[in-house]
Amino acid sequence: MAERGQGNWTALGFQGATHGNHTSFALAQFRGTPKLPSLGWPVHPYPVAANEASILDDVHTSLKLQRNSGKPVAAVVIEPVQSTTGSVASERFLKELRSVTKDNEAALIVDATETGAGATGKSFWGFSAVADPDYLVFGKRTQIEGFFSSADSKSATVSIGGDHLRLLQFATIQENMVKERLLEKVDLTGASLRKQIEQTISKKSGTGLTGVKGLGTSLFIETQDGETAFKLQGHLLKEGVVVKANGSRGVSLKPALIMEQKHVDQFTAALSKF
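Residue numbers for the sequence shown follow our numbering, beginning at 1 and rising by one.
Keep in mind that a hint or two might mislead.
Unchecked claim - So the derived label-pair ranges between C-beta atoms look like this: (1) Thr172 <-> Gln261: 21 to 29 Å; (2) Gln169 <-> Ala191: 36 to 44 Å; (3) Asn8 <-> Glu184: 46 to 54 Å; (4) Arg67 <-> Ser202: 47 to 55 Å; (5) Phe230 <-> Leu168: 33 to 41 Å; (6) Ser202 <-> Ala171: 40 to 48 Å; (7) His235 <-> Ala50: 26 to 34 Å; (8) Glu198 <-> Asn176: 25 to 33 Å; (9) Asn8 <-> Glu260: 46 to 54 Å.
Stated by the list, open to error - Using 30 Å as the maximum straight-line C-alpha spacing, the simulated DSSO-like pairs for lysine-lysine come out as follows: (10) Lys71 <-> Lys95; (11) Lys203 <-> Lys185; (12) Lys262 <-> Lys140; (13) Lys95 <-> Lys195; (14) Lys244 <-> Lys195; (15) Lys262 <-> Lys185; (16) Lys95 <-> Lys185; (17) Lys213 <-> Lys195; (18) Lys204 <-> Lys262; (19) Lys262 <-> Lys231.
Just so you know, the hints here were simulated from the structure itself, not pulled from any lab data. The beta-carbon is built from N, C-alpha and C at its ideal position, and this holds for glycine as well.
Using the sequences and the hints given, assemble the complete structure.
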C-alpha cells in the first residue's frame, strides 16, 4: 500500500480471515469482530468450489466500484488455506484472482503465515508459484516473521525486521525439511489422517460431527454448533490430543511435520471414543 502514494486507499479481504491479532487487522472487519468499529473495507465470502466464479465476478465488480467511489483498493489479501475454517482456495481461483488484481491495478498479498511452512504439504513457495503474488507473508512455523515482495515492486525485498537470529533458525528448519523430506511426509500422512477422520465421522451419526476440511495435516473437523466443538476439544484433550476450538465452526488440528501413521492411528482411536 505504501508504494501507491497518498490517497484514501482500502484493502479487500475474505470472510473468516486471520491476518493477525493487532488492532489494525481487527478493524479491517475480515474477521467479523462485532465489538470493534470497522474501517468499512470490502469483504467477500471465502471461495469454495460451488461459488468460485461468482466470487471472482464480485471481487472484480468491487474493485471497480471502489475506484469509482474514490476509495481504490490498494491490495487484495487472501490466505491460501484459512486457518480458522479449513477452507482451501483452489489453484484455479488463485490464478484468476491474480489476473483480476492486475487488471484493476491492485496488489495481491498471499498470507501464508499459518500454512506456509509445511503444515499443508506445501512451503510458502508452493503458494507463490501458483498465485504469483506481489507480496508473500510468512511467520509462525518459520520462527521468523516477514514478507517477500516481487522483483518488479518499487521496494523489492525480503523484510525480516532485522531478526537475523530467527532467520538462521529458519534456515536450519528448512534444511531439515528438505533432508527429511517432510513435505512428502505431510502429504502422505495428511491423506491418511483425512481418510480415517472421514471414516470415523461416517460412523458417528448423532454426535454433531459434520465433516473435515483442510490440506495436508492442517485439518479442520466441522461440528454442528459451538457447544459440540468445545465438547470435542475437551474430549480430545482428555485423550491426550491437543486441538484448538474455533467457536461455532469446529476444531483445528496442527500437528508437527514429523507426524507419522502411528500418530494418525492414535488420533483416530481418540476421536472414535467421542
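The hints, checked one at a time:
At roughly 26 Å, the beta carbons of Thr172 and Gln261 sit within the given window of 21 to 29 Å. The beta-carbon spacing between Gln169 and Ala191, approximately 29 Å, falls outside the hinted interval of 36 to 44 Å. Distance hint check: the CB atoms of Asn8 and Glu184 are about 47 Å apart, consistent with the given range 46 to 54 Å. For Arg67 and Ser202, the hinted distance range of 47 to 55 Å is satisfied, since their beta carbons lie about 48 Å from each other.
Range check, Phe230 to Leu168: about 40 Å between beta-carbon atoms, so the 33 to 41 Å window is met. About 43 Å separates the C-beta atoms of Ser202 and Ala171, a value consistent with the hinted range of 40 to 48 Å. Look at His235 against Ala50: about 32 Å separates their beta carbons, and that is inside 26 to 34 Å. The given range of 25 to 33 Å is respected by Glu198 and Asn176, whose C-beta atoms sit roughly 31 Å from each other.
Between Asn8 and Glu260 the beta carbon distance is about 52 Å. The supplied range of 46 to 54 Å therefore holds. Note on Lys71 and Lys95: the hinted pairing holds, with a Cα-Cα distance of about 25 Å set against a maximum of 30 Å. A C-alpha spacing of about 27 Å is found between Lys203 and Lys185, which places the hinted pair at or below 30 Å, so the restraint holds. Note on Lys262 and Lys140: the hinted pairing holds, with a Cα-Cα distance of about 26 Å set against a maximum of 30 Å.
With a CA separation close to 28 Å, the supplied pair Lys95 and Lys195 stays within the 30 Å bound. Annotation: proposed proximity of Lys244 to Lys195 holds, straight-line Cα distance about 20 Å (limit 30 Å). For the proposed pair Lys262 and Lys185, the alpha carbon gap of about 13 Å is at most 30 Å, so the pair holds. Taken as a hint, the Lys95 and Lys185 pair is honoured in the structure, with Cα atoms around 27 Å apart against an allowance of 30 Å.
Between Lys213 and Lys195, the direct Cα distance comes to roughly 11 Å. Compliance with the 30 Å bound is thereby established for this hinted pair. A C-alpha spacing of about 22 Å is found between Lys204 and Lys262, which places the hinted pair at or below 30 Å, so the restraint holds. Our distance criterion of 30 Å between C-alpha atoms is met by Lys262 and Lys231, whose separation comes to about 25 Å.
Comparing the model with each earlier hint shows a violation of hint 2 alone; every other hint is respected.
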